[in-house]
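From first to last, the protein sequence lines are chains A and B.
Heads up, the first sequence is in our numbering, so the first residue is 1 and it goes up one at a time.
Heads up, the second sequence is in our numbering, so the first residue is 1001 and it goes up one at a time.
Hints were generated in silico from the structure; no laboratory data involved.
Everything numeric in this text was worked out from a predicted model, so none of it was measured.
Check before you lean on any hint, since a few could be wrong.
To be verified - If you want a taste of the chain A side facing chain B, the calculated C-beta under 10 angstroms gives, among others: (1) I173; (2) Y174; (3) K349; (4) A374; (5) A381; (6) W390; (7) A416; (8) V460; (9) L464; (10) Q473.
Note that CB positions come from ideal geometry on N, CA and C, so glycine has one too.
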Amino acid sequence: MTPPDVNFLALLPTAITLVVAALVTILGFHTTNRALGILGIVGLLAAIASSVLIWGQDLTTFANAYRADTFALGITIIVAVAGIFTLLVSLDQAEHPAFRGAVGSHEFYALLLYALSGTMLLAHANDLIVALIGFEVMSLAVYVLSAFQDRSESEEAGMKYFLLGSLASAVMIYGMALAFGATGSFNLDGIRTAITAPGFQNTMLLGIGALFILIGFGFKVSWVPFHQWTPDVYSGAPLVVTQFMGVAIKTAAFAGLLRIFGAGLPNLEAWVLPAQVLIAVTMLVGNLTALRQGNLKRLLAYSGVAQAAYIGLAVLAAPNLGWPAALYYLAAYTLMNAGVFAIISVLAKDDDGPDIDDLAGLAQRQPLLAAALAVFMLSLAGVPPFAGFWGKYLVFNAVAQAGYWPLVVLGGLMSAVSLYYYLRPVVVAYFGTTVNPELPVNPGGATRLVVALGAIGIVVMGLLPNLVFMWFQTATGVALR
Amino acid sequence: VIHLMLLIPLLAGFAVLLSKGKGVWGLGLAASVASFAATLLLALSQPLGLAGEFFNRSFKTEWLPALGINYAVHYDGVSLLFALVVSFMTIFAVLYAGYRVEEQKLPGFIGLVLLMEAGLLGIFGSRNLILFYVFFEATLIPSLFLLGLYGNANRSRAAVKFGIFTVLGGLMMLAAIIGVKAYSGAATFDLADILGQLQKNPLPIGVQTWIFWGFMIGFAVKLPLFPLHVWLPEFHAQNHPSGVADLMGTLYKVGGYGVFRFALPLCPEAAQNAQGILLLLSAFTALYGAWVAFAQYDFKRLLAYAGISHMGLVGLGLFSLHPVGITGSLYLLAFQSIYTGGLFLASGMIQQRLYALESGSNRLEYSLEIGRLRGLAAHAPAFAGLVLVLWFAAIGVPGFAGFIGEVSIFVGVYQASPWMAFLGLLTTVAAAAFALTAFQRTWYETPAEGVEFADLQGFEYQILVPLVVVLTVFGVYSAPALNMLKPSVAALQNYGVYRQTTAQSVATPVVSSIPANTTSEVGR
């Protein structure tokens, strides 16, 4: 009997996060909550550092079920940054009466870190079972987090998310089982080999399985029509949790989606057409409903649905183009979305956040905050020279190369539509004649740090896209040999 | 120098945005003059025989190599002429802004003007299609903020309209850019690369047509051509009453340049196929603009429609696909920003005087109503004279720069389609009609009683006189500017833009006053 194939170096980023999460759970009874938050940040920084350490080595472990290639490590770094941003904002909110203090408790930090370890596991998964474990670890922690505040909206959000989420998970697990039945393997490489082998019979079974898996992930990344939970959960959950869900969870879900469909089931007819339809419908519905939102947080929820469609396009592209593009998009998306949510946190009087009209005169009261808001919104709309433009461009380019021109054109049109609703907060903040003196401006240096880091990141990634892209691009070619 | 001209306004723009007080005006002025000096130096280096690294007109470096996107700028004659006009007019924009814009708004205003200048200089220099797109869209942002922050009451609506039109057009253009690279098989988005590939194996005509119309929608918004012009009147009517922002907006009409630089050489056959409809659209735009201008009651809206009419003429010249017509278009496009911009500034001066009479009870925009006050020439003869000269330049009276452009356009269009030339000529008649009517109603007729209307002051002379001088100089002695345009226009022949029959006329002088032996520079 051979000893199990375990390469601890490959496990390092995920393991660090998990250990820190466990530490936070235990130490919660011995030290202050603030110290725990800082411990979490330090732990995530260590996870990033370890990812850099093993960058480009393409390590595998557990008999190729766990793969630390550049794609996984890139996702790991992105979700770790998202986690750090969330922790920074929650440090401020823990002390603020508007948020009832719940977000700063040690259970909160522990759950957040467990969720992060789940996202990292999902990113590294090269095996359906590992992907499922990561998916569930991350989901369960976030179900609890969304219900973390003792107000009815938050509890409703958590319940709704949990019920619908479990259903989606169940569908996905069924899909995985069908895929296993059809190919005899949980490993993505094994599945691919089985499909491409001559004389493969179980196309029908595998197609149904692939569709079910697509639905499971489509729920998590909120594709229409599986998006119904998104606005309610986003607006009901505590602000920081919404920020976390909008960024880290979505990134990880996309990682799983790209990995499973890009590496395991490439170009399988059964899912390519449904995915196109889902993405097209999502673009339309997400953008058109976002047009009519009055609350900034809800606006971002719907814009998140629309953005999920753009990122989702990468699934259709060839992995050697689509994966780096998606990584870049997700990195930019993390910075912009986390930045906007941090701004909302500064301006929120409770967890609902401000309405768009409440922003009137922000440019005069808080010029730097308003400037950052303008940068994030223009970047989300995909206006150069900000990072969002390059993200969109890279993804559209990758998909166009794969021949899906109608989707690219639709995406372009919808981007123009999205400019309207992304500009509205900026227009109100800058161009209005009135000033709203009742808009609260919460203190908090850490939240402002998040805003500043996000804005600087967006501008730098916009002006010098290659600075970041060359890392993603050189390495993802290795991921799929 | 090639970096200085762009970096000076860019950095100064950000510096000004972040500072406060009256001192920013000096900084802004210094930056705009320095940028103009740098551009002028680059333009003069060749005739003066200056050479060396410092005077390089091209620069190329990697930007996003994985996707073939590089930072490639090159200023040939056409680019330089437009760059000169942009940096020249920015000086006056900043100068007049210093007198007119309220002090607390000044840093933001001048900062945005300078950022816009940087963006525009970038647009005219870009030789990589994606880089062009980035500059094209990035310039939108300061322009949008100029309108949204400092405009009139309905500015938000106008700003959103303007933004959406530009971005939508831009995205169509982006699709065309991606398409042309993909189908040409070029490794990069570099214009020279793609053109080189296309010369070896041209695109099939079906693909070309799609790509051409993608470009055309993007540029027609910015030209603007009917029916994509509807954002423009509101844009001008709602901008800051000083007219400075309108001037910058006029400079941002880069559509004609884009057609010349990208759409025509990349899709020559598609352009030839679409020539008829495009000529018709352009002629219609010209007539329609003039027609609607006739009915306007507000100076700025009048100028906006006059601008649309001019752009129709520019379109006519471009789509004549005849070297003389294209040269004329570019000439008109470059110099119309001087007289239209000058007229916008003059409207700002009028507005200031009228507004002072109003005791503030009326809304700001009504002060620009045409004909509400008449006979102003009796009070301000010098002002009246200068404005009349600017209008003359605008309607193509011989002796001013506009005339040269218009004549060349008509010569070119006549070769392509005599009827369209006739329609275009009708426009000039209509233009004379609306311009002189508006002028008469404002400046002549019985003077209003008991109204004080001051004549030009020192600084206002400083602004209007140089513009008139430049227009006159280039109206009489057009050779320097034409020589800058000609080599690049002639180079279009290599890409098959011109039909065979017109090819030999490239060699003949454009307008008889130009010596035929001047070939200062050919392409790159």
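**Message:** Need the list of violated hint numbers for this structure, in ascending order.
**Reply:** 1, 2, 3 and 8
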